[in-house]
Structures are given as C-alpha cells and as structure tokens.
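A.B. asks: Here is what each chain is made of, one letter per residue.
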Amino acid sequence: MWPICHNLRRRLESTEAIMRPQEMGSVAKQVQQLDQVVIRFAGDSGDGMQLTGDRFTQETASFGNDLSTLPNFPAEIRAPAGTLPGVSSFQLHFADHDILTPGDTPHVLVAMNPAALRANVADLEAGATIIVDTHDFTGRNLTRAGYAENPLEDGSLDRFHVHAFDLTGLTVASVKQFGLSRKDAARAKNMFSLGMLSWLYGRPVDSTRSFLEQRFANAPDIRDANLAAFNAGWNFGETTEGFAVSYQIKPAPMRSGRYRNITGNLALSYGLVAASVRSGLPLFLGAYPITPASDILHELSKHKRFGVVTFQAEDEIAGIGAALGASYGGSLGVTTTSGPGISLKSETVGLAVSLELPLVVVDVQRGGPSTGLPTKTEQADLLQAMFGRNGEAPVAIVAPQSPGDCFDAALEAARIAVTYRTPVLLLSDGYLANGSEPWLLPDVETLATIEPNFADKPNHETETGDHSFWPYQRDPQTLARAWAIPGTPGLEHRIGGLEKADGHGNISYEPANHDLMVRTRQAKIDRIADTIPALEVDDPHGDAAMLILGWGSTYGPIGSACRRLRQQGMQVAQAHLRHLNPFPSNLGEVLRAYDTVVVPEMNLGQLSLLVRAKYLVDVVSYNQVRGQPFSASELEDVFTTTLKEMHS
Amino acid sequence: MWPICHNLRRRLESTEAIMRPQEMGSVAKQVQQLDQVVIRFAGDSGDGMQLTGDRFTQETASFGNDLSTLPNFPAEIRAPAGTLPGVSSFQLHFADHDILTPGDTPHVLVAMNPAALRANVADLEAGATIIVDTHDFTGRNLTRAGYAENPLEDGSLDRFHVHAFDLTGLTVASVKQFGLSRKDAARAKNMFSLGMLSWLYGRPVDSTRSFLEQRFANAPDIRDANLAAFNAGWNFGETTEGFAVSYQIKPAPMRSGRYRNITGNLALSYGLVAASVRSGLPLFLGAYPITPASDILHELSKHKRFGVVTFQAEDEIAGIGAALGASYGGSLGVTTTSGPGISLKSETVGLAVSLELPLVVVDVQRGGPSTGLPTKTEQADLLQAMFGRNGEAPVAIVAPQSPGDCFDAALEAARIAVTYRTPVLLLSDGYLANGSEPWLLPDVETLATIEPNFADKPNHETETGDHSFWPYQRDPQTLARAWAIPGTPGLEHRIGGLEKADGHGNISYEPANHDLMVRTRQAKIDRIADTIPALEVDDPHGDAAMLILGWGSTYGPIGSACRRLRQQGMQVAQAHLRHLNPFPSNLGEVLRAYDTVVVPEMNLGQLSLLVRAKYLVDVVSYNQVRGQPFSASELEDVFTTTLKEMHS
Amino acid sequence: MTTDVTLSGLRDMPMSEVETSRKDFTSDQEVRWCPGCGDYIILNAVQGFLPALGLKRENIVFVSGIGCSSRFPYYLDTFGMHSIHGRAPAIATGLATARPDLNVWVVTGDGDALSIGGNHLIHAMRRNVNLTILLFNNRIYGLTKGQYSPTSEPGKITKSTPAGSVDYPFNPISLALGAEASFVARTLDSDRAHLTEVLQAAVTHRGTSLIEIYQNCPIFNDGAFDVLKDKDQAEGRLVRLRHGEKVQVGDREWVHDAHNDNPSQAFEISRLDDATMAHVPIGIFRQVERPTYDDQVREQVAQARAQSGEGELAALLSGRDSWSVA
Amino acid sequence: MTTDVTLSGLRDMPMSEVETSRKDFTSDQEVRWCPGCGDYIILNAVQGFLPALGLKRENIVFVSGIGCSSRFPYYLDTFGMHSIHGRAPAIATGLATARPDLNVWVVTGDGDALSIGGNHLIHAMRRNVNLTILLFNNRIYGLTKGQYSPTSEPGKITKSTPAGSVDYPFNPISLALGAEASFVARTLDSDRAHLTEVLQAAVTHRGTSLIEIYQNCPIFNDGAFDVLKDKDQAEGRLVRLRHGEKVQVGDREWVHDAHNDNPSQAFEISRLDDATMAHVPIGIFRQVERPTYDDQVREQVAQARAQSGEGELAALLSGRDSWSVA
Ligand SMILES: Cc1ncc(C[n+]2csc(CCOP(=O)(O)OP(=O)(O)O)c2C)c(N)n1
Ligand SMILES: Cc1ncc(C[n+]2csc(CCOP(=O)(O)OP(=O)(O)O)c2C)c(N)n1
Ligand code: SF4
Ligand code: SF4
Ligand SMILES: [Mg+2]
Ligand SMILES: [Mg+2]
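Residue numbers (our numbering), protein chains in the order written: chain A, 764 to 1411; chain B, 764 to 1411; chain C, 266 to 591; chain D, 266 to 591.
To be clear, the hints were calculated from the coordinates, so they are not data collected in a lab. Treat the hints with care, as some may be off.
Here are the simulated lysine to aspartate or glutamate pairs, EDC-like style, with alpha carbons at most 16 Å apart [said to hold, decoys possible]: (1) B:1065 x C:564; (2) B:1377 x A:1381; (3) B:1065 x C:575.
A short list of chain A residues far from chain C (calculated; beta carbon distances all over 12 Å) [to be verified]: (4) 844; (5) 904; (6) 929; (7) 1242; (8) 1283; (9) 1356; (10) 1411.
Since the structure is predicted, the reported quantities are computational estimates derived from the model, not experimental observations. Note that the Cβ used here is the ideal one computed from N, Cα and C, for glycine as well.
So here's chain A without its partners, still in its complex pose (with noise of 0.2 Å):
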C-alpha cells in the first residue's frame, strides 16, 4: 500500500525491516526507503500550521535532507474557525537529492479539519496519503466547510489512503495531567501531529524539544503540555497500528559545510547586515509594513548590535525618504515593501536618481494590481521597477532565485547601489519571502567587500588654481559621482531634484546639459554590466536547440522542470537573470544562438517585453499569473510541447 502513497516520480531505494527497541508497547515495524517526499500541513489559521511545518523542516534539514517549503496562508489574521478561507497550510518538499522546489502536488496531506480537507485535497493525486485529524467532523463544522456529507464516509476519498484518528482528542488525553483548559489542550494538537509525522519519518527531535523549551519557558505549563503532545504523538505513531511502515529519507549528498534551513526574507535581511558589515556603512533600514516584506523589517529590527537602524516610518514614502536621508548621511540606506508601496515610493526613487545617491529598494512582490492578494506570490513589479518613474531614471535591477540566494542578491545589490551611486531595486517575492531550503553558510571573510570611496577632498582646479568640491565629478570607469557626506570639512555642496549641470552640479536649465546628464545617468546604469559575470547557460551537453530563460523565484520549478525533460532524454538549455537592469553583456548572444526561447513568468510577459525589444529575439512567452508558483509538472508539459513543435 505505501509505495503507491509515495507514488509521483519517486525510485523505490530498500525496503528493509529495522527492529526497535519497544516503547511504549509499540510493535515493530517495517521501514522503507523513498527519495523523496511532499507533505502538506493544513488547518485553521489558528491551528498553528506554519510552526508545525517549520519545525519538520528543521528536523528534516537538521537530518541532512534537501528541502523546499512553500507556506500558504490566509489574507485574513484568523478568518473565522473551521472556514475555508481560513485554512493555512505548510507544505515541505524533502529528499536524498538535491531538489529544487516544494513539489508541484503533495504525497501526504495532514488535514487538521474539514475545511482544510476541502481546501486541498483537490491537489493530490490518486494514491496520496491522508492524516486527518477526525475532531471536527460534525455536523456544524463540515457544513461550514460547505460538505453536505461527511467524506470520511461518503467513499469521496477512496482514491487515497486514509488514516483517519481523533488527534485533538488524543491530544487532550495526552496532556491532561497538566490541568489546561480544554482550549489551551487542545490547541497542543499541532505538536501531537507533528510528534506523530517525526516518527513516519524519522525525523530527529532534540531541535523540537529545545524549541518548545525556549519558546515557553515562561509558561512552564504550555511548555510542558506541548512536549507532552509532542512525545505522545511520536509514541502513537510507533504504537498505533494505523500505520504499518515507517520511513526513511537518506540525506542528500551536499557540498561540504556548515548549513542552516533559511526562509528568503531571513536570507535577504542577513545579506543586508553582511553588506553592511563588508561595507562599514551603518545600516538604516526605512520601512512601513506590509505582506510579505514586513518579516525583514521585524527581523532587522533585532539586530541593534551590528549599528542597524530601523525605523518605522508613517508610510512608504516616509520610509525612503528618511532611508535615502540615512545615505545621504553614509548609512547604507534600504527600504523594504511590496507592490503597492513601491508605487507610493516612485516619486522618492527618481529622487535618487537625481542625486545619484545609493540606496537598496526591496519589493517582495505580491499578486496585483492595487492590494490585489497580499499573501501570494507574483513577479509582476518588474516593469515598474524599471519605468515607474517620471522623465528617464534609470535604475538598477537584481532578483534573488531561491530562498538562500536573498542573501547574495542582497548582498549584490548594496554593492551596485554603493559603487555607483544608484537605487537598486531589489526584486523577491512572496514565494521567495517566506519559502525556505538549506543554506550553505558562506565563509565571511571572502564575501566580497563594498568600497564607499567617500570623497575626502576638493577634486577640481578652478582656472585661477583654487581647489573645489564638484559633486557630480565621475569616475572614468564606472561613471559614479563624487559622494561627499555631510561632515567633510571644505567639501560643503548642495545637491537637490533639479536638473544639474555636469560637474559642479549647480541648478542647470541648459538644454545640452540636460541631454548630456540624462544620457550619463543612463550610461552609468549600462556600465553596471562591466562589472557582473556573463550569462550562464547550464546546456549540459551543449546541443540543445530551445533555451528557458528566467528570472528570480521560477529558477525552481524551471530548473525542475528542465532536469526532468533531460531525464526523458531531451535537450534543453537553462539560463536565470540575476541583473535585469542592465543585462549580462552576453545575453543577446545566447538568446540568438538557440532556435527556441521560452520565457516562463509569474505575470503577463515583462521580461519577454523587455529582451523582446531589446534584442529583437521572438521569445515565446509562457505566463502563469495565479499567485501560485509554478510546479515543475507543468512548466514540463510546456517545454516538451514547445519542443515537440520545434521538431515538427
């Protein structure tokens, strides 16, 4: 019966059985090897869904296991119990493999009510296995979930394996002896599960137990109720005879060193700490919250002992301003947003251009347009990013490709940003945000170094040999200006919005000098590409005829997808985008020496628009625009079919 619950590309390893010494009266069983598995924790909002899921995950990353996790939840804080728009759910791709995405549908759902049955089961597959948790199986709750029936009973689910068991009533029994309200008992159920799926799995539970020790420590009576459950779990799933088999998921063989499990938004909030560490510049973080980007504005606000400022500003415009205020003093200024406050920001990031001063702008981009779905995922700000601004302001683009890569696109974009005077917008987004997968630790010593080269002293003779400061001096090279801050003695200078002359800077109407200053500013974006690598095309046996272009959170599924035609056999070649403003030198090369470019994107073709136009390639778009990833079945399903055209 298992393997089949396993059943979605997956290699069978051993199936061998392993005796263990008797707990609890459990008998032995049986352990079987898979190599990969997706499962998915659903329940109510206030089920505590996302800690049971980040907790598997760091038991499964602690264990060696590659990962993916996709988080899903509600708009709503907690909409109404037991409804199904307050289903929130967690789900965790794992394996012995290096993997690429959450996984496109889940082998196992742990439903913890009827709504979150409902929510999800449409997303498994003939075979799928079923924890559910039978508590609220009644009248009142399935028809709130809009059953009519019960589909425990009514053979709806007989395509799945089903375990079915009164987990909130195991739990309640599990931690009766602590005296907590009914409430308060029942709400440990999420540990209950979660000590009960560590078991199918194997999972190593000393990180658990420390957590719910750390995390409760002052509520010695929750802190031990939910290790209660959590141990009880464990023991009803060894004991229980629901369950015949346990299993087991090698680790994945990976590069040598330390690593962590990490979500985007940790990842990108950590790059920006290492980039101001590696710069020297304090960090001054402006921001107004908003989903999915306020967790960096949480997280950088713990981190007072690397000088980092955050401040909460009264709005997003508040927020970059007192950020590009923070640059202009020599902070490393960031602000951080979505959407909605990247527009309110437009007006502030024209600004930067003008004054050519650095500043970092983070959109973890969500679904739109206007508030549009907050809690999903998206790529579609990428035009805004490069023209939602008046008049021609260039700016700098760099997207991260997985939760791990935040940190090093984070990291890139401080560097353009400080080297060249310019905003850079830094485009994630929700998948990206709240995602995670483990992380090779980078060695801090080598990650590169960010040099603000401050002006110091006057950089300009007068024809009568006086020494002055002119601001908008450039670099030869990299066409960056003269950055003096504020406190320099000798280099006092104004600088503001309005056109100003080559130089010195001064207000200028002049109409040459303005053609001049609005052509510079673009060249200095363009020179960006003197200093990022070329286009990598992963094109393993250098003959395929169709290239996937991507850009951020897609490199996943792309990726998965990719690995799976090649599997069949098939050619296809690979590249990712981490530039977007400006592009690799290199790119409209590759994109000409392939018959066939496919543009897969999270919205309605915008960086199709842009290679389009810039090298003129008839690029075959292929959009999603579901707030949902892609999975890698379907991206598959597309590049086989344009292949399959290719030929024919």
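Add chains B, C and D with the ligands to chain A, keeping to what the hints say.
C.D. replies: Just chains B, C and D with the ligands now, kept in the frame of chain A:
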C-alpha cells in the same frame, strides 16, 4: 536691407509702396510681402513678455494667418532683474500658409534688456533682425548679464540688423500725462513694443485695445497708460526713420469655419468640459498644482456654470482619490498633473484599474527625472504611464499632437474611460500646454456622445431564480463591467482593491480566477483597439521607403521636416499615434510596409521600446532630451541622412 | 435626541419609504475577523443603528482604507468601497462633494487614519466635508500582524519594536482639534448604547465627524482597554461628556460645552488622559457648526448658474476672440 | 540666553575651532527670489545667526522640499539637499537619526509643510526628532504662481479659486500642538531680532522645533502681514510670548509658561488669533523636554551592544540550528 532680415526659407512675394494717410507727421513707407515670420519677444520675467506675445498672437490669429507659438519661462517666479535665469520669452511663427511649428530660429528678436539679448542671440542666424531696448545697456546691467563689453557697440552684432531704441525712455515719455511713478510708467514698455511691432507687421489692433480696457477696468491710470503706450508704439513705428518698410503677411488659406487661437491647456480643459456635456456626467477635477499642468485647474475652476467642480487637494494622491470617489458616484472624474505627480498617483491608478471605474489622468509632461526641468517640455513619461503600477495594471493611453488637438484627445480619453470603465492616461506636454495655434471650432452638436450606460437593474439570475446585481458582469463586446452608481435601488454592492471573482465580484483568492481576471483586464484594454481608427499614413505618393513614426507634440516638427524633404523631392511617409495603448490594430502592418522606420522622441526611445517589443521591428530611434521641442531643421537633417544611408 | 433633518448632515438624502431592519443592512459575505475581535461588536451596533436612521439604503456608502477594520464595508448591504491604505478620506471627499444625496461614511484604523492617512484625515477635518469617520483604534496594526501604530503606548514591544517603541503617540482627539475638526468624539466598542448615541449625533452633524472608537484586538493587543471595560474600575476612569451636563474629574467640576466655538476647552479635556487611562473622556468633545466644504462648493456652482445661467458649450469654445474664415 | 550645550539640541555636534562669519555661510549661487521677497530677509537673518552658533560648518545640513522657500539651502554654504515636495521632514528624520553629529534643519513653505507634507510634519513632531523646522508661511503657493494654500484665509481669490476659496485654514501652531510638538514658535520675517532670538532657542532645543515664520510674498500675496509690521498697529496686535514674562491681551493678563507639560494653555494662546489678526501671538508657545526619537534609537543600539557586544556576522548567519556536511 529688409529682405535679408527675413531670409530663412521664405519667399518674397512682392514689394509695393502703399501710401497711408499721414498721421503724426509720419512719412509714407514701403510695404513688403512676406510669407512667414518668426518673432521672439524676450525680456525679464517682470517685463510682461508672455502678455506681449499673447496679444501679438491674438492679433495675428484674428488677422487670419496660420500660427504656432512657444512660450519659454524660467523656473523662478521672478529671478533678480537683469539676470540670465530671469529671462522670459515668447516665440511666434505666423504665415500665409499652413504651418506646424513655432519655427526653428527667429527672424526677429525683440530684446528688452542685455540679459534677454545674451540669452537669445545664439539662436539667431546671420541676417536676422534684432529690436532692442537700449535703456538698460549700462555698466551694471551689462555686467549682470555677463557682458564685458556693450554688444551694441563692440561689433559683435554685425551679422544682424539691429534696431536699437530707448524703448523704456520712449514709453515713460509717452505716459507722462498719467502721473505714474517712473517704475509703473516704465512697466508699460511691453505695450509700447507691442504697438511698434503691430505696426511693423500690419496687425489689427482693436482686440488689444479692448483687452487692455477690460483688464485694467479697475485701474484707470494703468489702463490709460497702457493704451497710450500701445498707441505711441504704433505711431513710433510709423514715424521713426529706423523702420523703412513695414510688412504684410497675407491671411493663410484655411478650411472655412470659425476659428480661435488656443493653447493646449485651454483646449484640453475645453475638451474635458465637452466630454462632460456630451456624456451628461458632471465634471469633477481633483488636482494639486504643478507646472505645467496648473492652468488646467485654473481654467476649469472658472466653469462652474457647467457644473464643473474643481477640488484643489492637499496633494496629488488626494487629488486622484477625490476624482476616483467622484467617478464612483457617477461624475466624470479627472485628475491633472505632471510627471512627479503621476509617480505619486500610481497606487491610486492601480486601484482604479482594479475597481474598473472611469478616470482621466492628465499628465502634462515636463523635463525629468525627479523635479527635473519644471518649465521645459519632454515626453519621457510614456513608459511610466504604461507600467508605473504594481502588478499587471494596464491602462489606456492617449496623446494629443498639437495645442488644438488637446481638445479632441481629451474627449477621446473621456470616451474610452467611460465606455471601458478604465483609467486613461492623457499625455500632453509643456510644449503643447503653453503653445498655441488657430483652432477650427467644432460643431458641438456633432461631437461624439459618450454613453455611461449605468446599470439600473439586476443583471444576474441565480439558480434559485433570484435576481441580483453582479458588478463584474461584462459587456461581451467591450468587456466593460456593469457600473451601478450609489443611489441605484437594489443594486447595492461592494468593490475594492483585492482580487475579485469574475462576475459577482466578491473577494476571491482562487488561483484560476486571478489568472482569468488579470487576463480579462488586459483583454479589455486590448479591445479598445476595436473602436479606434486605423493608423493613417501620410505618404503622398505611396512609394516612400522610410516611415517617420511619432506621438504627441513632435507632430509639428516631424510634419515640417517631412514637408521639407518632400519639397526637395524626397519620399517620406509620416504616421502619428494618437493611441499609445492599445496601438491601432494596423500598426504592425504599417511598420512592416517600410524599409526603415524612424521614431523621433524627446526621450531616450520609449515608443521605440514598445513597438520593438510588440512588432519586433528594428526601428531607428532618434532622441533629444533637451527640454525643448525638436526643430524642424534638425529632423530634416536626420531624415535626410537616414534616407541617404538607406540608399548607400 | 430629535434632529432637524433639513439642517443636519442628512439634508438632501432621501429617506426610505419602507421600514428597514438590521437584516437589510447585512450583506451575504461571511464576516472574517478573528474570534472575539471588537470589530464584530461595532459592526453589530452599526447594523443596528442604520435602520433607525431611516435613509434609503442605496444612498448610504461606506468607504474604507486597508486594515482589519477596513473590511467593514463588505459586511453591510449598502454601497461600499474598500479602497487603498490611508486614502479613504480623500476618496470620500470627492464622493461627498459630487453627491449631496449620499450619506458617506469612512471606516478606518489607527494605522490607516493616523499613520499613512494622517494628512488626508486632517485635511478632511479642516475642510469640514460632510462625512462620518469611524476610527477603530486598537493601538496596533492588526492586518499586518502586530506592529505598533501611532497610538501605541511608548515602549511597546511589538514585532517591529522588539526593544520597545520609541515613538511618542498621537492623541487622536487632540490632533483632530488641532486640525480644526468641527465634531470630535470618542467611544468604546463594548458600550453599544454609548456608541449608538455618538453615531446618531455624528451622522446628523453637518460636516466631518470623527469618532474614535477604542477597539479591542484580542490577537495582537488584547486587553488594551480592559481597565475601561472592567465593571469595578470603568466608571472611575471614564469621564462622560455630554453637552450641557456636569463633568467631574477629581475635584474639578464644570459644565461641558461641546458647542464652544473656541476648541481650547475641548483640547484641554482631551489632555485629561495622560496615557495612564486614569481619566479617559468619552462622548462628544466638540460639535460646532461651520460651513462644510461640499456645501460651499455646490453653492458656488449654483450661484454661478443663477447669475449667468447654465454654461453653453459652443459659446465657451468660441470665446471672445474668434474669427471666421469663409 | 546661555545654553548648556551638552543637554541641548547641539549635543554631539562639533564646534568650529575657528571663528566664522556670515561670508562663510554664503554660497556662490545667485539668490533668485523675486525682488522684495521676505525670503531674503530670513536668509539674511540665518546667515547672520549661524556664525554665532559656532558649529563646524560642514556639520550643518539644510534639507528642504519644493517651493520658493525651499530654494533656501542653495544659498548657504553648508551641506544641503533640495528634495521633493513635502518630504523634507522624512528625509531629515533619517539623516538626523543616522548622524547625531549633524545639525539638521528643514526649510519648508506653507504648501510644502502643511499641504502635501502635512503627514511627515506631524509625525516628525510627535516623534520629536532633533530637527529645526523653518516654516515660511506666506499663505500662498509662490513657486506655482499663486494658488491658495492651507493657511490662506477663507474666501481667498486666487488662480485656482476665482470665486473664493471655501477651505477653512489650518492654524499651524494649533496643529503642531495637537501633534504633540515639543517646541512651537512663531515669528516674522521682518523682525530680525525676534527671528534670531527664536532661532537660537529652537536650534538649542533638543527635539523637533517648529518655527512658523510669517513671510511676505510681494508677488502673489503682498501685504498679508502688513498690519503686523505697520509701526502704528503692530504692537497693538502682536502678543509677545516669553517664558516667565507677563502677557496681556485685552483685560486678561497672565505669566507665560512655555515649559508647561500640558500643551492646553499653549493651545489656548494659539487660538487668540481668530483670523482677524487682532491678537497675534509671536514667540515661543511651547518648549518642553521630551526624549527625542533619534536619541532613543541610538540608545537602543548602544544598549544592545553594551549588553551583548558588537554583532558578529558569522554567528548571526549560522544561527542556532545549523549543521555540518562533511
Ligand atoms: C500602501 C500600503 N502599505 C501598507 C499596507 C499594509 N497594511 C495593510 S493594513 C495596515 C495597517 C493596519 O493597521 P490599522 O489601520 O490600525 O488597522 P487594523 O488592522 O488594526 O484594523 C498595513 C500597514 C498596504 N496594504 N498598503
Ligand atoms: C509632487 C509635486 N507636486 C507639486 C509640485 C508643484 N509645487 C512646487 S512648489 C508648490 C507649492 C509651493 O508653495 P509653498 O510650499 O507655500 O512654498 P512657497 O513657494 O510659497 O515658498 C507646488 C504645488 C511639485 N514640485 N511636486
Ligand atoms: S487581528 Fe485583531 S483587529 Fe484584526 S481581526 Fe484579528 S482581532 Fe480583530
Ligand atoms: S513668488 Fe513670492 S514667495 Fe516666491 S520668490 Fe516671489 S515673492 Fe518670494
Ligand atoms: Mg489598528
Ligand atoms: Mg507658501
């Protein structure tokens, strides 16, 4: 001597001596025929040059010449008297034939002080005429203007025909009888000059006399002094021996009808009023002052008789917010601004896209980025208009091509907004806004009517036979949604910026629905192309190999340049886009029909980018970002060179 | 309380011919706040109050910004717009100015109204647009999951201030009075009778009425106003303001004059709460008549028409300086 | 006036070792206001005042928004930023928080500060960031050529209000007090001695100091404050406020207490001007000590470092749950 003064591309038609009745001892003078003249009036900001230009224009318009004007004022309100930054000028091109631009280089410069001379003399070609007020050509004033020597004496103006008079002195003398202070008396010098120039070019003067009478009705001294100065100027022209000839420029043949002279901002304001009248929707303008858009607010605030409400908001966001609120209530909501204001409005434009409500957003473009060059023209906000919002948030974009055309463009913007329930960006610019031309008055009865088609009854029948109102039910043709305004009984409903379900419009986080809605909003904008005319190409012989494609205010210089090429026997086709999004359906076809397509723009190639991306046509961008309109001769050179290169 | 409707905030708004009930004001959308959220009680009170108002349902519009509180319009079966963060007062200003026949409400939160939307709020109040603004003050950002707001107490530990906030909070009443508000009141989510009484006065006030409603957020700022709701302490702490009635605080006693043209006394009363909640005035601080922005705008239109008649398009276009070409 | 600099707004700001003069603070840019503009006199006063302040010139920064008044920084040979409309307080907040060694000024107009920038202004004041804000109030939009502003008198006829404005104006002092400002003052462009005296107090106040300066715009709103400058009338109309000194208005007389923690009295004084300019208080309305935002932010950083030492990047990155792969 005089023929040389008007030497630029100008036919001498005839020279005849006309005897006039002797006035004030004047001598009979020769009258010479010219086919066109370009005059530039220049003086201190306080010298009233804009008024002088306006009046001369008005006289010229009512005389029946074709004309085109270009005011040019400093960013400062009134920079210190006598300085270069304080110079304000007004250029007028008038002719006995159809013309398209205010002219490249003035034939006649009227300079009221040293700074005005210095700031403008470089634009003159040899042989041009300079009429100069010598009054301020004294030590300190010369120095302030940056002259080491007196240019009237050092021979530096030998290439020109200089008429130097103490106009200030003459004025003061002519108004002595009114007992004004010397300062007030001297202020009438602009009217003295106007009188003189009016004589010189045989302008009808009644309208100026009655204008002065009205304008200063409450200040009889000032009124009389101005009238006296004006008359004295006329008489001086006739009397002085400085002028040996006067000029006649015959009326231009024009389509029959009633005309008036009109600036772009005025025509745009009138177009909005007309749209209100023709749609039956009251006009609501929410605006925050900003150069060069403020005059639309000023103008519309005068038309309360049309039920126009103007709301000067606390900022640009409130301006568009209030307009959107009024639209929601069934007004024609309009907001007017310039580039930086568009940046600030982006979030609300996105909301309007999501709500699918009509909204006209006027951007009178100016030099950017940031504060840029507030009083200068540019067309660098096209891509911001297209893409300056988070998420996929398409809007329609419309642009006028000449001052008078702002009327039609505004009406068209309103038609699209109301018909398709969408924000429409109307891209004017500083050149159109303040420039003027004769405008054939439309027959108001035949102006397009605009149908709001408010929903007034339920449009959906539920399974149970109930009737309800679905605000996101669409017209199958236009895809416009049903629009029910508050106050409509039984049609109560809620809309918002979160993603909404197709049809009933309730909040929906459904992945497939989001994809559908994103594509539907895009499709709706695309459908607008069904109701816009095919792009017309002006290709007289139908055999040109080169097409010039433009948009917005470049129509004049492009058109002039094309005429010049054709006059020289070269074939060139011209097409000008009114609709920037969506493009007319035949644009691709048109582009592909030519070997070479040149796209001149006052930006770094924004329309180019859009057509390249969409049609993969390798258009040639020609760009100048000088804060000034193209000159026809510059484009003539570019087009000629491009044609030559094509054949080589 | 009897109101002369012709002078009141409701002038020009059509009355319903049929009797309506709470059900008529309840939309078909499921309410999605957290269990126990104070927003439920306020919704309930408003749904209970609207029928009594007697207006045609279709002439009532609720405009909101973004936040938990701003979901309010979805649950009322009137016209409604859930707009963008902070901008509801601006949107409502346009709507109310364009449509005197509509009864326009704004629903907003402490973040929406006082943080990002602060400027629109103060400008609406100084203009005195005929709006009723319900400011749900839970002293926290609910929807974004618990950051401090401009009304959070100093030192507050939240997600974005792990070491405690260092912002000094606004007193929304003082701010409103400083911004020339003509009607300013405070009430509590839990006191339905008081809430309803204040609503009645606010909606019939012609001009901008601001009602600050202390609202409990059990998830992120639970119990913020508990001392004002606790049976034993509440009456000692609450200072009830009613025009013409005596007020006593400690040993000071005076007759409350909400109609005083000079807002100084109201301001002074707003400072009674020194952030310890020892003395928290509730009720109407100020209620004075002042011409409204929207009335005056419409009056100017009417006057222009009365003086010179409806505009004629053809005459406008041709202006004074046109000429004919044959 | 002697100031304990260590406690003052100037703490942590380096003093100049050499004596400076007005010339040192005059930039090489030609001043481009209209002839007769009040801005000239203010510039003059500030250029005259700065040398006396004794700070290092390079540690002084002027940040402005957009407007005629906002051209101010160009004319001072210090560091300066001419930013965008309304945003100077936000930009200055970032700068002052990041750099305690800088003396940060904001220069703004009535439109810049109270219209588009109203929100940033009130938030800066409630946070009490260490800034000196000069609000040039000419009751008009100068740079955009004469539209009414949020301080224009009702009924004002301007380019955008040909039938008269129907907005009710802000009283900037009342607004500031409602927004928890710790230092609020008013002065006149024409009274250089008074302006200088107020500047001195403002700049040495630790926290946000708002100075409203009545400024004449001879081009678009000439004579707006003439009655306050006219020799015969001025002293009858001006109510001079000095802490600890007697104030007399009509038959009321009191001792001015600018240091009162409760802003109610200051608020009441701000209402003396009922828009007729019969009684216009000038001087310092309020000047109270309250922790500043920026000091507290830096204090939190210092504390975190004192408690747990400087952050170590490698430790941060590896966190608590890392593992090794061989
Ligand atoms: C432009 C923009 N910025 C930020 C947000 C994120 N956001 C939504 S609601 C909110 C604050 C909510 O607080 P409050 O107004 O007090 O309402 P509550 O949820 O507490 O009722 C924020 C910051 C947004 N939606 N849009
Ligand atoms: C975003 C933006 N909106 C509008 C403008 C146009 N603008 C410039 S200054 C100004 C108002 C000036 O008034 P005020 O602040 O009182 O300054 P003053 O010129 O009177 O000194 C306006 C509306 C702008 N530059 N930027
Ligand atoms: S988060 Fe707080 S304010 Fe928001 S719905 Fe939940 S309880 Fe109410
Ligand atoms: S317009 Fe007024 S405020 Fe501006 S510079 Fe001229 S006089 Fe001064
Ligand atoms: Mg709140
Ligand atoms: Mg002003």
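A.B. asks: To test your reading of the hints: which numbers does this structure violate?
C.D. replies: Structure breaks hint 4 only.
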